[in-house]
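Between the sequences and the hints, there should be enough to build the whole structure, so can you do that?
Protein chains in written order, with numbering that gives the first Met the number 0: chain L, 0 to 345; chain P, 0 to 345.
Because the hints were derived from the structure by calculation, they are not lab data. No false leads were slipped in.
Here are the computed distance ranges between Cβ atoms for each label pair:
1) L/Gln330 <-> P/Glu7: 35 to 41 angstroms
2) P/Pro296 <-> L/Glu114: 42 to 48 angstroms
3) P/Glu272 <-> L/Glu183: 57 to 63 angstroms
Ideal Cβ positions, reconstructed from N, Cα and C, are used throughout, including at glycine.
There are 2 protein chains.
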Amino acid sequence: MQETNRTEIATLGEFGLIKHLTKDIQLKNQETRYGVGDDAAVLEFKDKEVLVTTDLLMEGVHFDLVYTPLKHLGYKSAIVNFSDIYAMNGTPKQITVSIALSKRFCIEDLEQFYEGLKLACEVHQVDIVGGDTTSSLTGLAISITCIGEAEKDKVVYRNGAHDTDLICVSGDLGGAYMGLQLLEREKTVFQGEKEVHPDFSGKEYILGRQLKPEARKDIIEKLAEAGIKPTSMMDISDGLSSELMHICSQSNTGCRIYEERIPIDYQTAVMAEELNMNVTTCALNGGEDYELLFTVPLTAHEQISTIEGIRIIGYITRPELGCALITRDNQEFELKAQGWNPLKEK
Amino acid sequence: MQETNRTEIATLGEFGLIKHLTKDIQLKNQETRYGVGDDAAVLEFKDKEVLVTTDLLMEGVHFDLVYTPLKHLGYKSAIVNFSDIYAMNGTPKQITVSIALSKRFCIEDLEQFYEGLKLACEVHQVDIVGGDTTSSLTGLAISITCIGEAEKDKVVYRNGAHDTDLICVSGDLGGAYMGLQLLEREKTVFQGEKEVHPDFSGKEYILGRQLKPEARKDIIEKLAEAGIKPTSMMDISDGLSSELMHICSQSNTGCRIYEERIPIDYQTAVMAEELNMNVTTCALNGGEDYELLFTVPLTAHEQISTIEGIRIIGYITRPELGCALITRDNQEFELKAQGWNPLKEK
Numbered sequence: 000m001q002e003t004n005r006t007e008i009a010t011l012g013e014f015g016l017i018k019h020l021t022k023d024i025q026l027k028n029q030e031t032r033y034g035v036g037d038d039a040a041v042l043e044f045k046d047k048e049v050l051v052t053t054d055l056l057m058e059g060v061h062f063d064l065v066y067t068p069l070k071h072l073g074y075k076s077a078i079v080n081f082s083d084i085y086a087m088n089g090t091p092k093q094i095t096v097s098i099a100l101s102k103r104f105c106i107e108d109l110e111q112f113y114e115g116l117k118l119a120c121e122v123h124q125v126d127i128v129g130g131d132t133t134s135s136l137t138g139l140a141i142s143i144t145c146i147g148e149a150e151k152d153k154v155v156y157r158n159g160a161h162d163t164d165l166i167c168v169s170g171d172l173g174g175a176y177m178g179l180q181l182l183e184r185e186k187t188v189f190q191g192e193k194e195v196h197p198d199f200s201g202k203e204y205i206l207g208r209q210l211k212p213e214a215r216k217d218i219i220e221k222l223a224e225a226g227i228k229p230t231s232m233m234d235i236s237d238g239l240s241s242e243l244m245h246i247c248s249q250s251n252t253g254c255r256i257y258e259e260r261i262p263i264d265y266q267t268a269v270m271a272e273e274l275n276m277n278v279t280t281c282a283l284n285g286g287e288d289y290e291l292l293f294t295v296p297l298t299a300h301e302q303i304s305t306i307e308g309i310r311i312i313g314y315i316t317r318p319e320l321g322c323a324l325i326t327r328d329n330q331e332f333e334l335k336a337q338g339w340n341p342l343k344e345k
Numbered sequence: 000m001q002e003t004n005r006t007e008i009a010t011l012g013e014f015g016l017i018k019h020l021t022k023d024i025q026l027k028n029q030e031t032r033y034g035v036g037d038d039a040a041v042l043e044f045k046d047k048e049v050l051v052t053t054d055l056l057m058e059g060v061h062f063d064l065v066y067t068p069l070k071h072l073g074y075k076s077a078i079v080n081f082s083d084i085y086a087m088n089g090t091p092k093q094i095t096v097s098i099a100l101s102k103r104f105c106i107e108d109l110e111q112f113y114e115g116l117k118l119a120c121e122v123h124q125v126d127i128v129g130g131d132t133t134s135s136l137t138g139l140a141i142s143i144t145c146i147g148e149a150e151k152d153k154v155v156y157r158n159g160a161h162d163t164d165l166i167c168v169s170g171d172l173g174g175a176y177m178g179l180q181l182l183e184r185e186k187t188v189f190q191g192e193k194e195v196h197p198d199f200s201g202k203e204y205i206l207g208r209q210l211k212p213e214a215r216k217d218i219i220e221k222l223a224e225a226g227i228k229p230t231s232m233m234d235i236s237d238g239l240s241s242e243l244m245h246i247c248s249q250s251n252t253g254c255r256i257y258e259e260r261i262p263i264d265y266q267t268a269v270m271a272e273e274l275n276m277n278v279t280t281c282a283l284n285g286g287e288d289y290e291l292l293f294t295v296p297l298t299a300h301e302q303i304s305t306i307e308g309i310r311i312i313g314y315i316t317r318p319e320l321g322c323a324l325i326t327r328d329n330q331e332f333e334l335k336a337q338g339w340n341p342l343k344e345k
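Below, the structure written as C-alpha cells:
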C-alpha cells in the first residue's frame, strides 16, 4: 500500500468512489450495450453462446499484500477469470468487479488495483461493466465475474476426451508455485527494515509467474488458426494432476503422462533444487500457472507438434487403466490430486 | 448456526463440497446450456439482451448472523440480485454463487444457506450455474452474480424519466429498516440466555421485510400485462430519496413527491413511534425494501391507478426545480440522499 498520498475513501463515499474509478472507462466491445451505472449491465451476443465464470479472492488466503503490489493483484484478479473463458475455447468480453475493503485502504490503493485491472482489460479487450464496492470489517475481498462468448459449435468442455487422444499443455509448469515459495521465504525481509532488499536476480521469471500471470489467448488463437478444436480443455489453476483427473473423471477415461515431457523452466528447476524440493512434484501439484491443459485427437499429432509453446505430455486411455505418471526410469505412479485446496485441513 | 449436527467442511474439501451442495440442482431454463462443473457456465439467449448484476455481501457489514438464520440469508442474497434484474424490466435466469467461509462454519450451515438460495431460485425460476467456494480468515463473504434477459426494446434504464412523468413505487417503504432496528434492539437477548425469547408478536411483517424480502416479479408482470413500459426504473435498496435522486440526476430532471402519498405499513409506523423516530424519514432513507421505483408518462395515470400494489407518489419536473418532498402541511423540503452508505465515515 502507498504511504505517501493517502485520501480516505469516506471522502468520496460509495457512489463517488465508483464514479472516480470508472469515469475513464471506454467500452471496447459492440456486445456491451450499457456498462457501469444502472441496476444491471446490458449485453448483446446475437447467435453466440454466453460463457460465465466467477472467482472470489480473499486476503490472507489467495494473496498476501506484504509482497503483492495492488496493481499486480488487479491484473491477476482479471487474468484468472479470462483464463477460465479461454479454457472453454471462448473470448472474454466483460467483467464485473466487486470489492470489499477495510479502513486501512485508501483511494490511492484502489486506483492502483484498478490500474492493473484496466491494463489486463486493455490487453485482452475486455469491458468493465459493473460491480459493487463496499466495506469489510477485516481484509480485502475481491469477486470478479467474467462473461465471454463462443461460436455455438466451438465450446470445449472438460468431458470430451477419448481413448488415444493426445494430452497437451501450453507453456511450462511449476513456476508460479516456485515464485510463491521464494516470496514466502523472503517475506521476513519485506516486513523488516526498508533498506534491505532481497536479491531476486536470476529469479525474475518465477516471480512474474506468481505475481503477474498471463492467460493464454495466444494458444487459443493458434489452435483456431490451425483448425484444431480440442476434445477437452481446462486451465491449470490448481495443478496439473488435479486438473487432469478432472478431465479423465468427467470424460470417463484414464491417462498416461510422461515425467520427462512435462515442460519445466530452468529457473523453476533451480529454485526447486535450492529449496530441496522435487521439481516434478512442483510441476504436477503447484498450480496457479494458468496454462492450458487440453486433449486433441491422435490424428492432430503432426500439426500440434509444429505449434510453438505447446507440448504433448501423454495420452488418454480407457478408464480401467487409471491415471498414471510414467517416470524417467519407466515406473508407473498413480496420479493423485494434491493440488491447492483452500478448504482442506491445514 | 446449528449446534447439533456438525460436519467439518474439511471432510469434503472444495470439490466434494461443491458436488454435495449442487448435486440435486435441476436446470430449469432452456437458456442454460451447461451449469456447474466446468471452467465456465454456457448460456444461450438468442435475440434477447443479456443483463448482468452482482452483489458482494460481507458478514458484520451487510448481515449479522446473531439474528439472521442462514436459510434466510441464502434467500435474501439471491433475491437482492433478482430485484436488480426486475428493475431493468428483465427476467432473472441464472446465478453464480461464491462463498468464502471461516472454520466456524460447518457443512450443515452451508446446507441451510443453499436451502434458502434454492428456494429463491425455485420461486423465481432461476438456475444456479456456477460459483466458487473457498475459505476466509475471518467472517463469511457472499458474492452473487445474476444473469437475466429482456426483449431488446423492453429494457428500462434509470435515465429515461421526463418532465411531467408520474413517480410510482410498489408495496410500502421503511419496513425493512424498522425490522432491522427491532432486531438490533433485541440482539442482546439473542446473545444472552437461550430460554429468553424476545416477543415479536405484532411485528412479524417488519421482521419479514428485513429477513426475507421479496423481489417484485409480480409488479413487472402486471405492468407488462397492462402494456405499460416505465420510462425509468430502479429498485429501492438504499432508500427512496437516494434512488429517486439517481433517477433524476441520470435523467436530468427534478421531482416533487408528497409525504402523504408515501406508502407505509401500520407496523412500520408503530415501530417508528415506539423508537421515537420520524416514520417519513425512515421510509425516505431506510433502504432494503427492494420495492420498485419507476416513472410512467402522465397519460398512463388512469391505467396505473387501477393496478394493485402500486402507488403514485409524485411527478417529475424540469431539472432547475430540484428534488423536493412536499410535507403534509404543504412545505417543500429538498431531498437529500441519506441512504445507507457502507463507505461513509461512521
